[in-house]
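These protein sequence lines are chains A and B, in that order. Under the working numbering, the letters of the first sequence match residues 1 to 426, in that order. Under the working numbering, the letters of the second sequence match residues 1 to 292, in that order.
No wet-lab data here; the hints were simulated from the structure. Treat the hints with care, since some could be wrong.
To be verified - DSSO-like mimics (lysine-lysine), calculated; alpha carbons at most 30 Å apart, straight line: (1) A:K89 <-> A:K20; (2) A:K420 <-> A:K304; (3) A:K150 <-> A:K105; (4) A:K304 <-> A:K150; (5) B:K139 <-> A:K304; (6) A:K304 <-> B:K57; (7) A:K168 <-> A:K89; (8) A:K89 <-> A:K105; (9) B:K133 <-> A:K421; (10) B:K101 <-> B:K139; (11) A:K150 <-> A:K58; (12) A:K420 <-> B:K179; (13) A:K106 <-> A:K174; (14) A:K174 <-> A:K105; (15) B:K57 <-> B:K101; (16) B:K101 <-> B:K133; (17) A:K58 <-> A:K174; (18) A:K420 <-> B:K139; (19) A:K421 <-> B:K179; (20) A:K47 <-> A:K150; (21) B:K101 <-> A:K304; (22) A:K150 <-> A:K7; (23) B:K139 <-> A:K421; (24) A:K420 <-> B:K133; (25) A:K168 <-> A:K304; (26) B:K133 <-> A:K304; (27) B:K133 <-> B:K57; (28) A:K7 <-> A:K89; (29) A:K14 <-> A:K58; (30) B:K133 <-> B:K171.
Computed from a predicted structure; not experimentally measured.
The lines below spell out each chain.
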Amino acid sequence: MSDTTTKVRASLKKRYAAEKRFRFYGITAIAASIGFLFILLFSIVSKGYPAFQSTFVKLDVQLDSATLGISETPTSAEMRAANFGGLIKQTMRERFPEVSSRGDKKALYQLISTGAEYQLYDEVAADPSLIDTTISLWLPTDDELSALIKSDADLSNPDSIVTRMSDKQIAWAKSLKDSGQLEVRFNRTFFTNGDSREPELAGIRAALMGSAFTLLITFALSFPIAVAAAIYLEEFAPQNRWTDVVEVNINNLAAVPSIVFGLLGLAVFINFFHLPRSAPVVGGIVLSLMTLPTIIISSRAALKAVPPSIREAARGLGASPLQVVTHHVLPLAMPGILTGTIIGLAQALGETAPLLMIGMVAFIVDIPASVTDAATVLPVQVFLWADSPERAFVEKTSAAIMVLLVFLVVMNALAVFLRKKFERRW
Amino acid sequence: MNTAIANDTIDTSLIQRDPVKDSAQEAFHKLTETVGTPTVENAKMRSRDVNVFYGEKQAIFDVNLDIGNNEVVAMIGPSGCGKSTFLRCLNRMNDTIPSCKVTGNLSLDGEDLYGADLDPVLLRARVGMVFQKPNPFAKSIYDNVAYGPRIHGLSSNRAELDDIVVDSLRKAGLYDEVKDRLDAPGTSLSGGQQQRLCIARSIAVNPEVILMDEPCSALDPIATARIEELIDELRQNYAIAIVTHSMQQAARVSQRTAYFHLGKLVEVNATNDVFTNPQHELTENYITGRFG
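Take these sequences, add in the hints, and give me the full structure.
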């Protein structure tokens with residue numbers, strides 16, 4: 001046996017052991033990350049899924065025009081002033097005739113959500129002929145009652161239940177439940193309403209629209225600017241001190257804390273240019289400033305990765321420098337550019353700090369209809385709800401996170417789809 | 001011709017002492033003027049006293065060389081001798097290298113290549129180029145060939161464009177192999193086919209000169225033979241300059257051969273003469289395989 005053979009043979013075992021160890025580390029790392037991801041998702045989903053359901057109570061409401069304080073053919077002004085709240089209270093009193101003291105009555109009324117009267121108003125406004133008839137309606141309940149019913153607790157044993165409701169209220173709930181007047185249904189309100197102080201009325205719609213508008217502005221601004229900047233720097237700019245300075249500064253910008261961009265937005269766009277406060281347009285501009293460096297850096301990397309032979313081939317045929325870029329380099333770099341854009345936008349979607357500075361932390365009840373309306377965004381909504389004392393907001397918080405994650409997954413899926421579409425071999 | 005060639009910029013310390021090389025080195029240092037006949041009557045492209053610098057480093061020294069109509073000029077020489085650099089000056093492909101500087105006079109049909117009248121885009125439409133590695137675009141075979149005519153607006157309708165594409169593919173000897181799959185990606189072809197596709201792409205623009213930078217170095221002998229045949233056919237219509245590492249190839253395809261050595265043009269003569277009766281010691285050393 002030669003010397004080499006002996007030495008190689010002696011070292012083989014060690015080398016393979018090193019490889020085995022390395023594989024073990026890798027698998028452990030992957031298992032750990034999957035584990036953490038699973039724990040995260042599990043805790044969010046298990047906390048959040050009740051928010052997609054809500055308890056409704058079935059009441060036979062006699063639309064008595066006297067109680068409502070309107071005529072039989074009411075004008076819209078009359079309708080708006082009508083006492084629907086009083087009507088619901090009256091209906092509840094009739095359902096529980098034994099309740100007599102003022103305090104008990106108040107406790108009884110608390111079972112019904114304040115949103116019930118708006119629903120009643122909508123029904124009657126849509127069909128005024130219902131006045132002075134009796135209709136059967138499923139109305140939203142208060143968040144405490146809703147949580148109680150959803151938790152499927154044993155209502156006959158009030159002591160075992162952890163709730164802010166009194167024993168009397170629990171007894172009434174039991175009575176309603178036993179007569180089949182309580183039902184857990186899909187919570188449409190969560191997707192159609194804006195924020196509210198009442199958890200059962202609070203919805204994600206305003207934040208969702210705010211996020212969509214903000215991201216739209218961010219994409220519309222940052223994508224073209226970043227791609228143009230990347231193309232210029234990579235394909236046209238002379239290599240000199242100036243471009244070096246620009247490059248270093250772009251890299252630095254990518255590392256600037258996002259709240260600084262928020263301060264900049266506040267000082268420049270709101271104080272100086274007087275753009276509307278709390279509006280997606282300002283949020284979008286601020287987030288594009290933050291996203292630009294990310295997209296520029298990844299776009300440059302993608303452009304650099306296009307083989308120079310393709311550029312030479314096009315140039316050799318007499319393509320002008322711009323034609324070389326638009327016909328050949330850009331299409332080949334597009335998948336990489338899109339990946340960078342998605343990473344940037346995903347980052348922007350989850351950003352809270354800079355938006356706090358420009359007033360997008362507002363309590364938004366109305367669904368924003370344009371980019372200049374006051375709005376908030378999903379992560380800020382999560383932040384606001386996480387801060388609320390009502391127990392029902394805990395599930396809302398998790399549900400909002402779920403919506404945010406779904407938004408993200410949809411965005412990524414779109415990116416993957418676009419990338420596959422643009423991807424070509426060379 | 002009073003071309004004083006600067007020797008002091010060449011690093012000769014790497015050349016080892018060996019009797020053959022010593023004499024070659026001496027011959028190189030004595031070299032002040034290209035041996036043979038670098039110029040021709042009615043040249044298509046002319047170069048006079050061309051020097052090329054990459055930053056401080058000079059890559060080409062006072063090259064005078066003509067490329068005549070309907071002839072193939074082969075450029076041979078050891079690696080790093082500047083033959084590719086010189087070739088790339090002929091359609092200003094070196095422009096994109098920021099540190100590259102070209103002095104002297106280069107002309108196409110008497111028009112100064114670096115003059116204000118001749119735009120590099122126009123120049124490259126008239127002087128096509130085929131590269132060492134086949135580099136088809138990430139497009140279909142049809143679109144690869146149609147690209148040049150499209151950007152230059154050479155056809156007014158689809159039928160005309162079809163004609164140009166088919167004609168170019170025929171001239172490049174590729175049509176019969178790909179006529180059923182013009183929509184297939186250019187990159188799906190074999191290496192030799194890809195190179196012929198690149199040649200078809202160049203001639204689709206109907207250039208006057210075709211520059212080839214080691215077009216067969218990535219191909220097998222069969223594909224190489226096919227391309228060499230093609231070069232010989234193309235000579236009927238175009239002026240061709242080809243850089244090659246294969247002396248057999250130079251002997252087979254070219255009418256004149258230029259031998260470059262460390263940035264200087266040593267000898268230019270009819271190909272037959274260069275390979276059978278080299279006039280300069282360096283040329284002889286190279287073609288007999290004593291170095292290079």
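Hints versus structure:
no. : hint              : in the structure
1   : A:K89 <-> A:K20   : violated, 73 Å
2   : A:K420 <-> A:K304 : holds, 20 Å
3   : A:K150 <-> A:K105 : holds, 24 Å
4   : A:K304 <-> A:K150 : violated, 57 Å
5   : B:K139 <-> A:K304 : holds, 20 Å
6   : A:K304 <-> B:K57  : holds, 26 Å
7   : A:K168 <-> A:K89  : holds, 17 Å
8   : A:K89 <-> A:K105  : holds, 9 Å
9   : B:K133 <-> A:K421 : holds, 27 Å
10  : B:K101 <-> B:K139 : violated, 34 Å
11  : A:K150 <-> A:K58  : holds, 16 Å
12  : A:K420 <-> B:K179 : holds, 28 Å
13  : A:K106 <-> A:K174 : holds, 18 Å
14  : A:K174 <-> A:K105 : holds, 17 Å
15  : B:K57 <-> B:K101  : holds, 10 Å
16  : B:K101 <-> B:K133 : holds, 25 Å
17  : A:K58 <-> A:K174  : holds, 14 Å
18  : A:K420 <-> B:K139 : holds, 16 Å
19  : A:K421 <-> B:K179 : holds, 27 Å
20  : A:K47 <-> A:K150  : holds, 13 Å
21  : B:K101 <-> A:K304 : holds, 24 Å
22  : A:K150 <-> A:K7   : violated, 71 Å
23  : B:K139 <-> A:K421 : holds, 14 Å
24  : A:K420 <-> B:K133 : holds, 27 Å
25  : A:K168 <-> A:K304 : violated, 72 Å
26  : B:K133 <-> A:K304 : holds, 19 Å
27  : B:K133 <-> B:K57  : holds, 26 Å
28  : A:K7 <-> A:K89    : violated, 93 Å
29  : A:K14 <-> A:K58   : violated, 75 Å
30  : B:K133 <-> B:K171 : holds, 20 Å
When the structure is compared with the earlier hints, violations turn up for hints 1, 4, 10, 22, 25, 28 and 29 and for no others.
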